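Visitor: Chains as they are written, first to last, in UniProt numbering: chain W, 1 to 243; chain S, 1 to 174.
Keep in mind that the hints were calculated from the coordinates and are not lab data. Watch out, some of these pointers could steer you wrong.
To be clear about the criterion: a stretch of chain S counts as covered by chain W if any three or more of its residues have a C-beta under 8 Å from a C-beta of chain W, and this derived list gives those stretches [unchecked claim]:
1) 143–155
2) 160–171
Here are the simulated lysine-lysine pairs, DSS-like style, with alpha carbons at most 27 Å apart [unchecked claim]:
3) W:Lys235 with W:Lys112
4) W:Lys168 with W:Lys92
5) W:Lys92 with S:Lys149
6) W:Lys223 with W:Lys236
7) W:Lys92 with W:Lys181
8) S:Lys92 with W:Lys168
A few chain S positions that, by computed beta-carbon distances, are all more than 12 Å from chain W [stated by the list, open to error]:
9) Ile18
10) Arg20
11) Ala29
12) Thr58
13) Ser80
14) Ile81
15) Arg82
Here the structure is a predicted model, which means the values were calculated and not measured. All C-beta atoms, glycine included, are put in the ideal place defined by N, C-alpha and C.
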Amino acid sequence: SAAARRPWRLFGAMCLLRLPRITQPLEKEEEEVAALMEQIELEKSLYSDHEMRKLEEEEQLKRKMESLYDEDEARGKTVIMAQDLEEKWEQKFLRFKAAPRITDADKSNDRKSLNRKLDSNLMLLVKQKIGNQELWLLPQVEWQPGETLRSTAERAMATFLGDHIQAKVLGNAPYGIYKYKFPRAIRTENNVGAKVFFFKAFLQSSDLSQAELKADYLWVTKKELGDYLQSEYLKKVNRFVLD
Amino acid sequence: DALLASHRSYRSRPTHGIGRFKYLLPKEAPKRRKEKVQMKEISAGTEYQYGDINIQMTSYDLCLVEHFAQYVHRLCNRLSIRVNESYAMPTKTNEVLFLEERGSKMQLDAVLTTHQRVVQIRGLSSTFAPILLEIIQSSQPEGVHLLMKQHTEADFKSRLKARPELEELLAEMS
């Protein structure tokens, strides 16, 4: 349409989150409370079926040792005793090995892998050229008239990670906005500055077998964002990122 | 009985029936079992509201699921989202049998119970919905599956029990 051209250029940026896989470790107070509650529960609880069965069988064994009452009680005799079952379960449990919480990537502090911090959110940062500077940013792409801002953000994701990425975009409304004015040298009547709208998406699958187009990418947690982003940008991004 | 239920005074005294009050209260309509009609509103535009949404939580561990359902309910109360109902679906029991063949065939049994709790929400604005979803997702405990979906008639019917005798009689009649 023939509306007057706004002086701001619009960008759509995508904040791609990888959800935590493991729960965070409990704080000291939480651990103390949990231990206390467990103890209270244990003291208040009654015997379960399995434990009753175990006690009865122990009594039967004792009676067999002391006096020979084999004939009377041998009628309902079970082949498997409760004690044997318990031992079997314990052996099974010892054989089970849980996956390590701190993976190799944690130890080597390899920021490009997704296996790093399994208990916190990881975000994608990409190095982009704006003006004549190379900056670390959330992947962004310029908005073209006629498409929604959400599809701009999805396009941004697709350009940096390839198509068919299994990410779920949350809602049509942007989460945050960052606007800045261009330095005076580049400023024209039509191009006063730029506004960047942030959208959020959750990464569904954890393997990124598609080749990354830009080689400079990082997966960082919220605390490490400060190492890479500029202060103003960081302030706006921090507002909508949960820890 | 309305006369005698009050504080005990002798019947001929003028203070008889002094504590009566039930005749002053408004009349209650008798209770009837009615099927609840569904209401769904989606108003397009910038103000976009979801209709009834079910948040279903399933797990093997009963305490975890109940506490999580309580947490979600209280969270919605704090955020002033209207909660229609919060109910539990019947538990499903699964028997796990291991068939080990090492000479003598042994069968190890394990009995697992699956519990499900549902919190029904209405009046969720679409700008707020993704934030709520993220909060609930990030505070999910281990071993609990979360599912958010819109409320349908099928969901409502799954709570009701089928009546085979009634259906037989109806089939005979028609």
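Visitor: All the hints need checking, so say for each whether the structure fits it.
Guide: Checked hints:
no.	hint	verdict
1	143–155	violated (count 0)
2	160–171	violated (count 0)
3	W:Lys235 with W:Lys112	holds, 24 Å
4	W:Lys168 with W:Lys92	violated, 39 Å
5	W:Lys92 with S:Lys149	violated, 39 Å
6	W:Lys223 with W:Lys236	holds, 14 Å
7	W:Lys92 with W:Lys181	violated, 65 Å
8	S:Lys92 with W:Lys168	violated, 31 Å
9	Ile18	holds, 48 Å
10	Arg20	holds, 47 Å
11	Ala29	holds, 43 Å
12	Thr58	holds, 18 Å
13	Ser80	holds, 19 Å
14	Ile81	holds, 16 Å
15	Arg82	holds, 20 Å
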